[in-house]
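Peer 1: As a plain string of letters, each chain reads:
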Amino acid sequence: MGDLTPEVQRIAGNLLSQGQVDLVLGWAKAPSNGQSVPACIRQAEQAGRLIFDQYCIHNLATGLLDHRDSSERIGIFVKGCDSRGIVRLAEDGQFPRERLYIVGICCPGMKDQAACDRAASGLFGETAGDSELAGKCRQCAHPNPVIYDELLGDQQPPFLNDVRFSDVQRIEAMGIGERGEFFSQIFSKCIRCYACRNICVACNCRQCIFDETRPQWVGRSTSAADNMMYHAFRAMHVAGRCVECGECERVCPAGLPLMLLNRKLIKDIDQLFGPYEAGLSLEEGARPPLSSYRVEDPDPFVR
Amino acid sequence: MKSFAKSAITVVLDRLAEQTRTYVPMRDGVTSNFSPWSERRASDLALNSLNTTFSPKGIVFPQTERLYDFAVDGQRADISGTHAETGENILFGARACDRKAFAALDQVFLRRGYVDTNYKARRDGLTVIGRDCLQPGPFCFCDSMGVDPMGADGADVLLHETTEEFGWEPLTEKGQALTLRLNDLLTEKELIRPESAGCRLEVNVAGLPEKLRGMFDSPVWDELSTFCMNCGVCTYICPVCHCFDIQVMNNGSSGCRFRCWDSCMYPEYNLMAGGHNPREGKRDRFRNRFLHKLEFFQERYGSFGCSGCGRCLVTCPHSLNMVLVINRLGEVKVDAS
Ligand code: SF4
Ligand code: SF4
Ligand code: SF4
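If you read the protein sequences in the order shown, they are chains A and B. Each residue of the first sequence is one higher than the one before, counting from 2 in the numbering used here. Each residue of the second sequence is one higher than the one before, counting from 1287 in the numbering used here.
Bear in mind the hints are in silico, worked out from the structure with no lab data behind them. Check each hint, because a few of them may be wrong.
[As the list claims (entries may be wrong)] In silico DSS-like links for lysine-lysine, alpha-carbon gap of 27 Å or less:
| no. | chain 1 | residue 1 | chain 2 | residue 2 |
| --- | --- | --- | --- | --- |
| 1 | B | K1568 | A | K30 |
| 2 | A | K190 | A | K268 |
| 3 | B | K1460 | B | K1497 |
| 4 | A | K30 | B | K1460 |
| 5 | B | K1292 | B | K1475 |
| 6 | B | K1460 | B | K1288 |
[Claimed, not checked] Which chain B residues stay away from chain A? Per the calculated CB distances, all over 12 Å, these:
| no. | residue |
| --- | --- |
| 7 | G1360 |
| 8 | G1423 |
| 9 | T1448 |
| 10 | E1509 |
| 11 | E1554 |
| 12 | H1578 |
| 13 | L1606 |
| 14 | E1617 |
Where a beta carbon is used, it is the ideal one built from N, C-alpha and C, also for glycine.
Turn these sequences into a full structure, and let the hints steer you where they fit.
Peer 2: Next up, the structure:
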């Protein structure tokens, strides 16, 4: 795939100079170290700052939440996973499709700058090197944007080369005790920094349950019980709405395999109420399975 | 100088850990941490890693710390059991940045009138074995923050590192006491101490606190915080950040009060009792974190609230960090009037 940066700059420049949008969300190089970072530009003259390369891993759709109360029109560049994030926001009634000009980019697969930095920093244990495809991309089945006004790049094949849900099946095969042990081990390492929640496009509630104090639904201690509650609550709150962008797992400083829970729910919902995959298309009035009810919904677990 | 061969490290750690819990840098899956040494986990020892993912601040300031228990019976309330841990601990292999961070925590918890008894108990019981920092990493900028990677500040013993050896230089009474314990394992040797390669990353903080006094309303805060997600990663992995909350765990008529880390990035942290939030927007919270570290901390304690350890440079989900912020603040022109 050729360098898309000139196209990105041209499109952003035109959108702004023709007054089609008020601002553009994309990626630029950080002046301090040349890393690819999210960028927001408001003038056509700044379009030259924008870039697209293999390190544009961030899901910019979550950033739209900062603009949900404005009336500004926004141009946004999205990869496959990010585009599903936009469907998420629109379907949840958090951001109107009409205010967006979406430039889709068929994603060539991203590298994880943070993972590379960790490897180079000496701060972390075992880490992925620079040459590898990012962890979240290795699980990606939809690299091509599902919603857009304009599309860049050539259609890409899925990057997932393992059997879908093989990671989940490994956990399902465990006995109940072993599984309990496995998850308490993992979640005992959570420092409750809430990066996984804050980066998540499905975590778009204005008032999050974890921030409430009266009553306080989940304790703030990092005990096994409180940590487990945090993760169980969050997983259930995004069940059927998680678009599998993998951002939560990417940003976790403790390196927790958070997608295991999410993918388990994706798998179950698909089997019980599906076929269903969240955020693949935007349809008038469509709702995620757990937000709607059908008489024929299976309920063997209700006794 | 007294010294021991690097190959004898487990013997030395075993000896120290015999009497005193000894925290050493250990690998833990994809992360690393200072954890208590035990023979069982010998293969996780990460002496060659640069810094640990999580800073050692939790040893003196645990993320969740039980303060006291209570039981209520009608009009009666019984308060029992304070849980201050007073035991002795050893921290083995702390680098200059993390020791500087301890100095900053000491300022907050010990030096300005109020003495935090729990912190004091843990701090008094801690013996710090520092080590030379010969090869600062690509994200280290401690020397810009006034830290000498080869300095001895904050160490009870300083380890001088050569290819084969660790030189052992006791610096305080606590250090002397440990020396006695290790006496038969230490040999007298002439060591040539290598020089540190120094930090490759530099920032310019000269005059920054003064400049920031006039920058509270600068639009640069909107610009810098645009992609801040207001999570707490940077505050929790930072060795200097020390904000906490005191909360209650209720179990019917009994429970406990505990202290836990809190983050100025969280909306709830800033919320006042009457419901007013003085730092409503993320810009406000972002600005507060950096002004605290670069201006207020300097004004109150005479040093920065950052020791240049570089942890936030690799953990921020959107690659915002101390260096980027300092550089950008430096560029901004402030109207002198
Ligand atoms: S990002 Fe990781 S450490 Fe932070 S709250 Fe989520 S799971 Fe816990
Ligand atoms: S739960 Fe994780 S994978 Fe799912 S939408 Fe949120 S950040 Fe993306
Ligand atoms: S602000 Fe960042 S670089 Fe400074 S001490 Fe804290 S984590 Fe380290």
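Peer 1: Output the indices of the hints that this structure fails to meet, ascending.
Peer 2: 3, 4, 8, 10, 11, 13 and 14
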